[in-house]
Amino acid sequence: MAISDMTHNPPDDRLNRVPDFGRAPMGSGTEAHLAHIWESLPGWRGWFSTVDHKTIGLRYIVTAFIFLLMGGIEALIMRIQLAGSNHALLTPEQYSQLFTMHGVTMIFLYALPILSGFSNYLWPLLLGSRDMAFPRLNALSYWIFLFAGIFMYASFPLGQAPNAGWFNYVPFSGPIYNTGPNIDVFALGMVLLGISTTVGSVNFVVTLFRMRAPGMTINRVPILVWGTLTASVANLLAIPAVSLAFFLLWLDRQIGTHFFDVANGGKPLLWQHLFWIFGHPWVYAIVLPAMGIVSDALPTFCRRPLVGYAAMALATIATMLVGFEVWIHHMFATGLPTVALSIFGAASMVISIPSSVAVFAWIATIWLGKPVFKTPFLFFAGFVMLFVIGGLSGVMTAAVSLDWQLNETYFIVAHLHYVLIGINVFPVVGGIYYWFPKFTGRMMDEKMGKWSFWVMFIGFNIGFFPMHVAGLLGMPRRIYTYSSRMGWDTVNMIISIGSFIFAVGILIFLVNVALSLKRGARVGANPWDAATLEWSVSSPPPAYNFAAIPIIASRHPLWEDRLDEDTGRSSLTEGYLLTQGRETIGTSPIDAKPVTILKMPEDSSTPFFVGLFVSLMFVGLLLHWWNFAGIMAAAGCIALIIWMWPQKALAQRVPSAAHSHGEAHD
Amino acid sequence: MGTYRTLLALFGAPAAWVTQMSVSEPIAAYACYPHLVPLSAPLWVNLPAILAAISLICLLGGLISGYVAWTSWRRTGHRFSGTDTGEAVFEVDGGQALFLAMLGIMSSFVFIVAILFTGCAVLLVSPCSAWT
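Note that the protein sequences, when read in sequence, are chains A and B.
For the first sequence, the working numbering begins at 1 and goes up steadily by one.
For the second sequence, the working numbering begins at 667 and goes up steadily by one.
Please note that the accuracy of each hint is not assured.
Okay, the calculated beta carbon distance ranges per label pair [stated by the list, open to error]: (1) A:263 - B:715: 38 to 46 Å; (2) A:565 - B:741: 17 to 25 Å; (3) A:154 - B:737: 35 to 43 Å; (4) A:510 - B:704: 35 to 43 Å; (5) B:704 - A:263: 40 to 48 Å.
Some chain B residues well away from chain A (every beta-carbon gap over 12 Å; in silico) [to be verified]: (6) 705; (7) 722; (8) 729; (9) 736; (10) 771.
Partial list, derived from the structure: chain B residues whose beta carbon lies under 7 Å from chain A [said to hold, decoys possible]: (11) 689; (12) 710; (13) 715; (14) 762; (15) 768; (16) 787; (17) 789.
Simulated from the structure, these hints should not be mistaken for laboratory data.
Beta carbons: idealized from backbone N, C-alpha and C, even for Gly.
Hey, can you work out the whole structure from these sequences and the hints?
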């Protein structure tokens, strides 16, 4: 039995339909009809109700970047405080809230959401589809993310922000040592954010296995798709652990349970296990899609395909799988028995194998290609270097005995920033430079782009490399100030200067974005001469993405003539037209054979209202307004019923002609 | 290539490694720290032998997965040695089957190495002692 056969449902004759196959050039009647079908309403009603993946993707990117700027400003304030010894800009409590919100913002509100933004925008374009599998779920995912971010920041101006670090260890975050609402805000906010991440992940997984263009077999999908897929599967398994942990903590704090209360038989280590069972896979979830950005975009500037596609796909999956069994390396100093530590130390070192495969694939692609030193290339090449530095310090801390020396020092801060900024921020900024023409139809300024890269790259290394030294000098993490007798003044001053240089680089990037939005040179469909499918449509893409669903014959549909790989030729302008309402083609998971005509839902405000009511329910729980919380829960259910109300028009059709095409070939 | 063969080739070795980790870790931890006080020697004298046996069984599972992946790769390679040139709207040339077989081989290799690493980790330190 072939894998694709498993997906074939018995066709329902009443729903058989022969889809039109042909062309719909820009300006034709069919194209105009498609535009009418897929475009959202103008004005505020359309703004709230749109389910267009491109709009949602850009909202994700912009919102997450705003959170990045907020987290960055928090970091700069901390760096002013730490620039010299005995500074008194911040009180200890203010410093605790700042470093906690900095971590929460960067890790939860920036790092994954920005990648969700890229994937939301790009996936249907990369896969040859007209939208994500569940467009309304996509909108819900964004709205809940936005509301969760606002929820977690709402207490900040009142001086009651989360204050126990992003990992929120008990018993410090428990009701005895942390009596304010700070931790409750964090706990409920994380459960709320978990809903957004979960529904978003479901959407990505189903989209990959159901929405690829005919002919885009599983060995032809871009690496970004592999990265986001593995991250999404990981999220589905990891998010429940952290949501449960925060929910149990909230119960301890508000209802009087004792899950983490030592005096009553609770276990603080249970928190650490639940948190890091989530936390370590999360680290990979926020770097693997970014690595996918580089793997897909770097070849464009090397003028050749990525070296080792299969190895890179495997490296992506293997990194995530290994990432699920290494969480105890965050707990080496908790007193666990030595054999248990040794097992997890060894497993942590295994990650260096798939990571090295990825690094050598990128280096080989650059080495064997003809690099074009445009701004995105600089960011991607810089990323490779930072990846190696961050990875090396990771292998060092996988050794238990060395980790005991480095644990809770600035060495760890250096490592995690090389990983998170090096492997996330640099690819993201490079990715924005790369896809900005697709997003907006305009190029970004190249000269300012190069300035932004070099200032960011130099500032980053001046700011974060000395943190290794500070750690080796014994400087602990999370201290709000230090004595001049410790000998840390010079290194901290260098770190602070570097941080501000890095911030200037980000500022140049933002100025470039603002100017290019208005004055950037207008571009056509494929200004970089890239290979992947998103560059086959106009910039910015039309609401329907593809007037004719393309037929794919290779991994590089736009480079087929050049590469001449003996795979046949993709059909990018002639394909399935599907114009009877919002429709796209559904294909089998492995072979990408057409199996159904998917009827896609119209725009709707219900995702916004479900998100709003659910968020208000969490506000009610936070403030102990139990009746209000109950009313909001009921309102959310009513909005869900309206959302889910069955419609005959959404019954899926079987494309009998397309089906027989595929079967005839078997 | 059959569905179950493909799944075994792709995920057999990872599953064996996950099993090794998930069984070895709690046994090793419980043997040295069963209740509220850590022990200087494991609850069971033959703890190293138990852990080694778990590693060997999981290694065997990984090797079986690797063997299945290797044979699938050879069979798939023979079956899809040429590109189909039919007149259908699009072509499915078997490249995806080759790709999955290749992923299976690489996946088995990486996770057999992981099982060996984890097995060695058990042998390198004495169970309940301080880190030496």
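Inset, instruction - Would you pick out the hints that fail for this structure and give their numbers low to high? - result: Violated hints: 3, 4, 5, 6, 10, 11, 12, 13, 17; rest satisfied.
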